Amino acid sequence: MKKTNFYSKHVELGAKIVEFAGYQMPVQYSSIIDEHKAVRNSVGIFDISHMGEVIIKGDKAFDFVQRITVNDVAKLTIGRIQYTAMCYEDGGIVDDLLVYKLNENEFLLVINASNIEKDIEWMHKNNLFGVEIINDSEDYSLIALQGPKSKKTLQKICDNSLEMEYYHFIIAKCGGKDVIISRTGYTGELGYEIYIKGSESESLEIWDALFEAGEKYKIKPIGLGARDTLRLEMGFCLYGNDIDATTNPIEAGLDWITKVKKGEFVGRDAILEIKSNGVKRKLVAIAFEGKIIPRHGYEIYNNSILIGHVTSGTMSPILEKPIAMGYVDVEYSDFDSEVFIKIRNKEISGKIVTLPFISR
Amino acid sequence: MNIPQGIKFTSDHEWVVVNGNVATIGISNFAQSELGDIVFVDVDADIAELESGKTFGSIEAVKTVSDLYAPVSGKVLELNSALEDEPELVNSDPYGAGWIIKVECSNLSELDTLLSLEDYKKQIGE
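Each protein sequence line maps, in turn, to chains A and B.
So the first sequence is residues 0 to 359, counted in numbering that gives the first Met the number 0.
So the second sequence is residues 0 to 125, counted in numbering that gives the first Met the number 0.
Possibly wrong hints are sitting among the right ones.
Stated by the list, open to error - Straight-line C-alpha distance at most 30 Å; calculated DSS-like pairs for lysine-lysine: (1) A:Lys2 - A:Lys196; (2) A:Lys2 - B:Lys74; (3) A:Lys117 - A:Lys215; (4) B:Lys120 - A:Lys2.
To be verified - Cβ pair distances, simulated, as ranges: (5) B:Asp118 - A:Val352: 36 to 42 Å; (6) B:Ala47 - A:Ser7: 48 to 54 Å; (7) B:Ser91 - A:Glu211: 27 to 33 Å.
In short, the hints are calculated from the structure, not lab data.
Quick caveat, the model's predicted, so the values are computed rather than measured.
From the three backbone atoms N, C-alpha and C, an ideal C-beta is built for every residue, glycine too.
With the rest of the complex left out, here is chain B:
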């Protein structure tokens, strides 16, 4: 599994990678594996802004449904349209083709409150 440099995690299993001030957000490999077959990534319709810590949608897996929490705040730039037809990309490539949303960070200091890869691994017992 290719894990991007500088990745940060929420304790709710979302990841974020920031380039300049553009944040790419997805869910962790652990999360996708716990959820199993993902059949729908349901980002709230018409959402224009993410607010860190607030839900912005949910992920439907065959077994269960899980809320998506924003790791950072910012204006929504793009949704991963590939997930409409292939939500299973979140299972097969959670840190790559299975990204979910991109936002323009409004407060980069929010990143400091998130978990490093090492801390996240500890949380999930890896």
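This is chain A alone, in the form it adopts within the complex:
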């Protein structure tokens, strides 16, 4: 089992450790609810070093990334980031990812930890352009700093100005070390992700400096548990739950990143067909009454008709109500439709709502 450079910190901070994607990761330190609220109200620090980092290099780097992803890489300029997905020929999703344009001929692809091996293999298989595909996943430590006080916290240890738009990044100096800082995150809050290519001690130095800088804002370490509740309140998809090889970007509500007009890419033909035939099911957001939590796999009904399944569910710490995402037959997917979930001989009622669940 692999450990990130911050493992000793998690143990020292009393985290409960679980295995996730082959790493020993903190699932919670104090309480998911307290950690969640710290991010919404102030600032939280996450170890997300398990994420994969792949560098694509070469004269044809642009053509390669354009071919294996669904979003339009031509829209990216150096210093900008794009949320996108890789699809199979049949339109099923290989992974969702971020693409950083580092240079004209160099991109950083940030992929899900549980998909690293599969993604790299897929990239090699589709490398018609002779680009370099460098798996740097083991070399990068990755910290997410999220919450309304994240900027003030990070600014204290960073020499560069953090004035940047959402989905932009800079190469900056943090405690004398060159890092990538991007205005990205998985929480819906103001926040940054900090890529550190360095030793364990260099990584820990930055973690400690952020902790100290955030002390006056009562910074909290945040585990994977709260990372999940935070993303779910925003309705962000989680690969393996809400999207996978059996779902396509259109039914998953990711048509906004799927640019069929950009030209040829892997999965385009299938996606064009899906678009012209219309989808059979849709990923919807459901807000519930009561206290019973809908969870992955639970059945969704409209009256007595089975219309789909829950893909992710939790108790929203902010709304204090159960929330879920799930696929339902498209004819029952209208907003405000009433749906039911059957749980252990009980029925709980909910309503299909627009995302995000919480007002921003």
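Based on these hints, arrange chain B on the given structure of chain A.
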């Protein structure tokens, strides 16, 4: 953590303490800690009798849900109404204010089949 005298455990992490023939039931400190933030203690509505080994409800935590198993059989006397508004009492005081249900034991010999504190600690590796 204040652990009551004479406490017994199920292998499913419920505890029971009997006074006279009144059994007070809850979940262990280990269980609450594994579950994390508890948001709802869902005892089956209209349940009048517990039967040892059978489920009588479930506990909803943010992370997961877990069934509640009756350690002993008997007539239900009382539910801990404080848990309706403060289910987190099960996290903060699992052997005290976080008790879940009281029953009138119908067969005290069932206690002999349960785990002692020492045996339970061994099971959870403490």
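Structure-based check of each hint:
no. : hint                            : in the structure
1   : A:Lys2 - A:Lys196               : 16 Å, holds
2   : A:Lys2 - B:Lys74                : 50 Å, violated
3   : A:Lys117 - A:Lys215             : 42 Å, violated
4   : B:Lys120 - A:Lys2               : 29 Å, holds
5   : B:Asp118 - A:Val352: 36 to 42 Å : 49 Å, violated
6   : B:Ala47 - A:Ser7: 48 to 54 Å    : 53 Å, holds
7   : B:Ser91 - A:Glu211: 27 to 33 Å  : 30 Å, holds
Hint check: violations occur at hints 2, 3, 5; the rest are consistent with the structure.
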